[in-house]
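Colleague: Letter by letter, the chains look like this.
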Amino acid sequence: MKRIIVVVAIIAMLCSGVRAHAAPPSIKIGVIVPLTGVSAPSGQAMKAAIELAAKIVNEGNSKDLAPLPLTSSAGLPNLGGATIEPIFADSQGNPSVGQTQAVRLVTQEHVVALFGAYQSSVTKTTSEVAERYGIPFVCGDSVAADLTERGYKTFFRVTPAITEFAKVYVAFFDDLKKMGKPIKTIAVVHENTDYGTAVGDAMDAVTKGTPYQIVARIPYTANSTDVSAEVNQLKAKKPDAVLFASYTSDSILFAKTMNELGFTASAIIGDDSGFVDGTFLKTSSGIMEGAMSRSSWAPPKAGTPAYKVNQMYKAMGFDFDTFEAAARDIQGFWVLMDAINRAKSTNPDAIIAALRATNLSPRQLLLPYHGVKFDAKGQNFEGAAIMEQIQGGKYVVVWPSAYAQAKLEWPFVGKK
Amino acid sequence: MMNVLNFAHGEFVTLGMFAAFLLFTFWHTGPLVFIPLAAIVLFAIGQLVYYALIRDVMRGPMFAQILATFGLLLFIRYMLFWIFTPNYRTLPATLLGGTAHLAGLYISIPKLVAALVAIALTAGVYFLLVRTQIGSRMLAVAEDREAARLMGIDPDRVQALAWGISAACAGVAGALLATFYYISPDVGGTFVLFAFVAVTLGGFGSVPGAMLAGPIIGVVQVAAAYYTSPELAEIAVFTMFILVLWLRPQGLLGRSLGGT
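Protein sequence lines correspond, in order, to chains A and B.
My numbering applies: residue 1 is where the first sequence begins, and numbers increase by one.
My numbering applies: residue 1 is where the second sequence begins, and numbers increase by one.
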């Protein structure tokens with residue numbers, strides 16, 4: 001009996017590895033995201049967003065989505081209507097797992113480009129693989145500044161990097177002062193891998209010579225069991241504003257612990273990531289009224305292409321309003337698809353050259369970026385960000401005024 | 001006690017958390033109901049795991065035992081991923097009080113309740129082991145399975161009971177944690193490392209040892225995080241752990257094996 005079970009199990013395992021390959025000619029793009037592990041909710045949202053982008057382009061004839069690129073005909077017109085086939089790999093949020101997966105995607109799946117990988121630390125190791133094999137890597141969402149400082153020829157980042165975001169915070173604080181809501185002291189609480197450390201470093205750098213003083217910098221190990229020591233340090237320093245660079249599970253834990261220990265400040269700001277994960281809102285909005293986050297997704301006006309794409313995304317059970325990182329990913333993936341089409345070839349060098357020549361205008365984008373153009377380091381220098389705030393259980397844009405949907409609630413409320 | 005290192009113990013805690021979550025969501029039961037129910041469910045799962053997996057694996061080499069419980073860990077974790085998706089869930093904060101302010105201290109009521117129940121449970125298990133016949137049987141089987149059999153003890157039943165009780169304790173822990181912690185399919189992994197450290201530090205098989213080691217680890221962790229940097233908290237815990245094992249390999253209250 002036992003032998004039969006073993007045989008059946010082996011056959012089942014073999015079968016699951018076999019994939020049908022009878023599909024029309026398609027262009028494989030390797031996508032590395034955290035499908036399991038602590039950032040899995042974000043990873044699943046990203047996977048859905050990329051599947052949606054590929055579906056829209058593959059099916060084509062979505063005239064109502066013009067002027068978004070590649071929406072007028074099925075597949076990539078310059079490549080005879082070839083379709084895009086994203087091949088997903090799970091990094092588990094772990095840099096070494098991500099690296100192994102990247103090698104597998106390149107050597108066994110023969111993908112023409114890599115895309116990913118959410119955590120800056122994973123993006124670092126996976127883009128190393130791309131550089132080594134000379135294939136393009138497009139990053140939609142990782143913000144650690146040093147990713148574009150490595151002199152890579154194959155790395156392109158569509159999202160603004162953390163230095164740009166840090167400048168956005170300073171501009172926001174400047175505006176707060178004009179509104180009579182001054183911030184003097186800031187605490188930065190960050191997880192201690194590439195991403196969080198980059199946020200801490202960037203805040204230190206951009207606040208130099210400004211009236212804003214970093215009174216505490218509290219690095220911690222991600223995925224903690226308990227953060228009461230961190231919150232007690234905050235209580236001792238009494239900062240006006242706290243900036244969190246934390247992934248989902250830690251953000252939820254910080255919200256609960258601040259509520260339990262009665263810590264509050266004028267402004268509680270999340271540097272995107274955990275704060276914009278839909279599950280954070282679901283679990284914590286009741287005790288985080290008035291918390292803010294920077295974001296690159298401004299909920300679009302009805303009828304715009306971005307609005308329609310979000311409606312399609314909602315039909316898949318997600319929402320760019322709550323999964324902002326996924327919005328930056330769909331934008332990044334679109335840029336890559338557009339470049340492959342312009343390259344007229346799946347040759348990696350041709351795609352890299354096309355990426356380098358990218359020049360998209362705001363009208364061709366889903367996000368409120370000023371455009372997409374890469375500098376010599378592969379960084380999109382036309383990125384932008386907005387500030388949003390949890391009001392009545394959901395995020396609304398409160399800054400800058402051009403995009404604002406509601407008035408800023410001040411100070412932080414916490415428990416409703 | 002069970003003569004097997006159960007890597008899936010953290011997943012039993014996760015199962016307890018999900019049991020509490022389901023009981024609350026679908027039947028609107030409060031902690032007074034869902035904690036005992038979680039214990040009963042996990043007791044059954046513990047027994048099932050023993051009869052379906054552990055009993056046979058125990059006859060194999062040590063590696064088979066370790067890999068079997070590790071496989072069980074992956075099985076439970078990914079089953080939960082499949083059924084519940086990786087999303088985070090929480091129970092409403094109001095379910096079990098809020099925060100008490102006592103002489104400048106902030107005491108979270110759910111955490112206080114969890115601590116008290118944990119102490120009571122530990123005392124109960126200790127009492128069961130050293131003061132009752134059933135406990136003596138468990139100790140006898142743990143010490144020498146064959147000798148116990150000669151004394152008329154059915155080792156399978158006793159060990160299945162031990163697995164049931166151990167899983168039930170994990171279930172209670174999970175249900176208690178669910179009142180103040182987030183619930184996700186891989187949350188068990190967050191706790192299990194420290195649980196192993198507590199058990200090893202206290203001395204394998206010593207209930208009072210684990211009871212002593214737990215608070216020591218907690219205090220070292222939080223004090224290190226507060227007075228230095230949260231990054232150093234785990235370094236402090238594991239440095240202490242290595243030092244203790246170096247000076248006292250049997251753990252704080254464990255009996256030394258083969259020494260004087």
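Since the hints were derived computationally from the structure, they do not count as laboratory data.
Careful, some of the hints might be misleading.
What the hints assert, rightly or not - Computed cross-link-like contacts, DSSO-like style, restricted to lysine-lysine with a CA-CA straight-line distance of at most 30 Å:
(1) A/K153 to A/K416
(2) A/K282 to B/K111
(3) B/K111 to A/K237
As the list claims (entries may be wrong) - In silico negatives: residues of chain A with every beta carbon more than 10 Å from chain B:
(4) N192
(5) T225
(6) E230
(7) E260
Computed from a prediction, not measured in an experiment: that's the story for all the values here.
Where is the CB? At the ideal position from N, CA and C, for every residue including glycine.
Colleague: Does each hint hold? Answer for all of them.
Modeller: Hints, one by one, checked against the model:
no., hint, verdict
1, A/K153 to A/K416, "50 Å, violated"
2, A/K282 to B/K111, "22 Å, holds"
3, B/K111 to A/K237, "25 Å, holds"
4, N192, "5 Å, violated"
5, T225, "5 Å, violated"
6, E230, "5 Å, violated"
7, E260, "4 Å, violated"
This entry does not satisfy hints 1, 4, 5, 6, 7, going by the numbered hints stated previously.
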